[in-house]
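Model the full structure from these sequences, guided by the hints.
Chains A and B supply the protein sequences, listed in that same order.
Residue 1 is where the first sequence starts when you use the numbering used here, and the numbers rise one by one after that.
Residue 1 is where the second sequence starts when you use the numbering used here, and the numbers rise one by one after that.
Careful, some of the hints might be misleading.
Listed next, the in silico DMTMM-like pairs over lysine to aspartate or glutamate satisfying Cα-Cα at most 25 Å (straight line) [to be verified]: (1) K48/A to D420/B; (2) K214/B to E176/B; (3) K45/B to D148/A; (4) K45/B to E112/A; (5) K45/B to D53/A; (6) K45/B to E129/A; (7) K277/A to E241/A; (8) K124/A to D148/A; (9) K48/A to D302/B.
Derived DEER-like restraints, expressed as beta-carbon distance ranges [what the hints assert, rightly or not]: (10) R98/A to L422/B: 33 to 41 Å; (11) R90/A to L360/B: 48 to 56 Å; (12) G246/B to G329/A: 48 to 56 Å; (13) K124/A to P416/B: 32 to 40 Å.
Rather than coming from a laboratory, the hints here were simulated on the basis of the structure.
Each residue gets a CB set at the ideal place from its N, CA and C atoms; glycine is no exception.
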Amino acid sequence: MSLWPVFRDFAQAELAFRLLVASVILLATLAFLFAVYALVLRYRNARKRAHLDLLEASWTPVLMHVLQGRYPPEALWERVGAEEHLAFVRFILRYVRRVRGGQRQILRGVVEPFLPDVATGLTKGTVEERALVVQTLGTLGLPRFEADVVRALDDPSPLVAMVAARSLARPDHPQHIGVVIDHLERFGSWSRGFLGAMLAAIGPEGAETLRTTFEDPSRPGWIRTVAADALRWLNDVNAAEVAARVVSCETDRDLLVQALKLLERLGNEEHAPVVRKLAYAPDPVIRANALRTLGRIGDEGDGELLRDGLFDPSSWVVLQSVRSLARMGRWSTLQSLATSEHPRALFAQQVLEERGRHAWAR
Amino acid sequence: MGTLITALLWFNYVVLAYFVVLNLIYLATTIVSFGALRRYAVRMKSLDVDDLLTHGGAPPVTLLVPMFNEEATCVSSIRSFLTLSYPNYEIIVVNDGSKDGTLPRIRSTFKLVPAARVPTASLPTADIRGVYRSERYPSLWVIDKENGGKADALNAGLNLCHTPLFCALDGDTLMERDALIRVARPFLENDDVVAAGGILRIANGCEVEGGHVKRVRLPGSRLARLQVLEYLRAFLSGRMGWDRIGASLIISGAFGIFKRGIVVDAGGYSRNTVGEDMELVVRIHRHCRELEMPYRMGFVPDPVAWTECPETLKVLGRQRDRWQRGLIESLVRHRKMLANPRYGRVGMVGYPYFFFLEMLGPVVEILGYVAFVLSLILGIASPQYVVAFLMAAVAFGVVLSVSAVGLEELTFRRYPGVRDLLRLFGIAVLENFGYRQLTTWWRFRGTLSWLRGKRSWGRMERKGFGEAADPHEPRGVGVAHARSG
Chain A
1 MSLWPVFRDF AQAELAFRLL VASVILLATL AFLFAVYALV LRYRNARKRA
51 HLDLLEASWT PVLMHVLQGR YPPEALWERV GAEEHLAFVR FILRYVRRVR
101 GGQRQILRGV VEPFLPDVAT GLTKGTVEER ALVVQTLGTL GLPRFEADVV
151 RALDDPSPLV AMVAARSLAR PDHPQHIGVV IDHLERFGSW SRGFLGAMLA
201 AIGPEGAETL RTTFEDPSRP GWIRTVAADA LRWLNDVNAA EVAARVVSCE
251 TDRDLLVQAL KLLERLGNEE HAPVVRKLAY APDPVIRANA LRTLGRIGDE
301 GDGELLRDGL FDPSSWVVLQ SVRSLARMGR WSTLQSLATS EHPRALFAQQ
351 VLEERGRHAW AR
Chain B
1 MGTLITALLW FNYVVLAYFV VLNLIYLATT IVSFGALRRY AVRMKSLDVD
51 DLLTHGGAPP VTLLVPMFNE EATCVSSIRS FLTLSYPNYE IIVVNDGSKD
101 GTLPRIRSTF KLVPAARVPT ASLPTADIRG VYRSERYPSL WVIDKENGGK
151 ADALNAGLNL CHTPLFCALD GDTLMERDAL IRVARPFLEN DDVVAAGGIL
201 RIANGCEVEG GHVKRVRLPG SRLARLQVLE YLRAFLSGRM GWDRIGASLI
251 ISGAFGIFKR GIVVDAGGYS RNTVGEDMEL VVRIHRHCRE LEMPYRMGFV
301 PDPVAWTECP ETLKVLGRQR DRWQRGLIES LVRHRKMLAN PRYGRVGMVG
351 YPYFFFLEML GPVVEILGYV AFVLSLILGI ASPQYVVAFL MAAVAFGVVL
401 SVSAVGLEEL TFRRYPGVRD LLRLFGIAVL ENFGYRQLTT WWRFRGTLSW
451 LRGKRSWGRM ERKGFGEAAD PHEPRGVGVA HARSG
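So this is what it looks like as structure tokens:
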């Protein structure tokens, strides 16, 4: 049967109809091409995965021997083909996250000859690709590529800069804490808690720089807050004096709160007077933290202050007051409160349960 | 008669315009999603999730899980919540006056005892009958209350939430172990983030063990498979795209994480809507914009929560009816935002789209079918045009669905077999012959229900995830309530 009449009728039909039919054909073709694309992707990924599995199956036993010191790294290198350098580096990157100490060093030695290939990606590619390169070099390539990773702190992309910062904020590289802190302003949108934990990862050797930053009035308040948080993570007792000074003269709310938290963890009775002044601060978050801190470093005389806290309009302040009374061992006060008709009785009940004291039991 | 014909002609143009605009927007969001997902996949390789966990700094989170008649799935879900990889979190299950064995089952499985917990907010809710804590798992709390609806239950949980973030989940949701750290990640990267949502996938047909999906499979039933494809399209093509544009109005109520303080300040969940999840998100947009506070909301495509989808037309119809009512309630309530520059891209782009195309869409479509038939009968449209147009509509639908499968293949590849892929392609074609029309009809029905003032949820049925019984569970409970997938 000839299709020519069909084409002739079509060519003579109205433009709108022809457009409609053409769009149907185009869309159907697109759908078919997408489907083929997805199948090709599946096939390609499956092949890639199978090939990688084979490679990793050949590398893994030798790697184990290298880690145990039975073979030199060269035994592994000769199994890595010219086209397999990046795959090998990614393989080692997965392993290095699971090990510590000497084994990490061995893995770094194993992957060292292949890192220059990776480093070529520092100045090209998308933001995400550069971030991956920085992460790889930061995890596997220090100190050799230290300058490159430090330079990445100035990358136009905040993501790349953050990956560089996290790579440098490691216990084996305490010398980088200064440069990381100097670049913190790039990460102003990041969570303060996350940044504090990141700086704390450098370990006790970074504490001195952190104390200096914490006390430095020329630094933005939020950076000082992050430094304080990091010091708290590190349990740096020397930071308590700095915190007391900050509490006595600063007005930045977040900075005050972090300083109070630091004192709550690391302070002593000598720091109590400056904390007491904040027990009636207008801001409930400051009040709550002040009362919480007094629960640990305060004395008998602070019992009255804490009982005042039971009447605070803020639930958080009341809860901290009750917890502080518990910390001071004021069990009879709390038990009387728990069994009374006082509007805050529930707070005492919760705290007594938290402490495993159910003497007021219903 | 002449007037009718003129009206029909014009209405046909409206339908045509609606079709073109809607599908162009779908196409645009798909294209935007394509680029965004590719970049995201590479980005995730440079951010080690395990490292995020061990580094610390992850904010404490409370999972809020309202449950109503979830006897079949409650234990599996809670088990999945208890084994998440996250440094610091609590779970508050809210039993919203269940009439089945939900509470007894939870009580016996997790050894609940009465406990005191201080409220941090005072959102109005139905009466609380009791607050319990698990002796076995101290981070698990249960609130037993009078029935008040999902929003009411969430507010009851919010009132007792002590953490800066909370994650709202459905009672039949199964979370992957690293889902919480992944969905909380935006809050680490940006202090302005107030809410984020993850991706929901269909658990029907999957192998579930210990509250986690062990093996991903397509469901056996065609109806469930159709929903698998719908969810892929909705999340990968739709939400990702709208999130990139910065005009997303939805975070799924089955898996969304929020800053507690913002939600409480905004008034908590609204109890007089069946679309409390969307209504909350829209209200948060409004609240933050009106206060001129910097804020962000995000969709995070890699954290996954699995949920059970309806496998009967009746239950699915009720669900879609409810979703449409929820959509209308949210959009009508906050119509002040429509095309209002004060609300930025949300008001100028997202809101008009949802209002005119998603909300009014079913009405236009159903009337469009009627108009087409009338046009054929009255001879004002040639059968060839109508057929060609319908074929174009089907072809466009197939393109969008196949591209969603392609996006899945490009990024997450959760369905391991090639057969699964081929089945999804088959579904992409089949859904245009009956299923789409059904969902449009249900949404149209939902619109009529809203106009009639209907407010109820309708009855949802749970079949369970088909897990083996826990050897620690009392006898008589467990497999009897489950059904293989």
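Exercise for review: Sort out which numbered hints this structure fails and list those numbers smallest first.
Suggested key: Violated hints: none; all satisfied.
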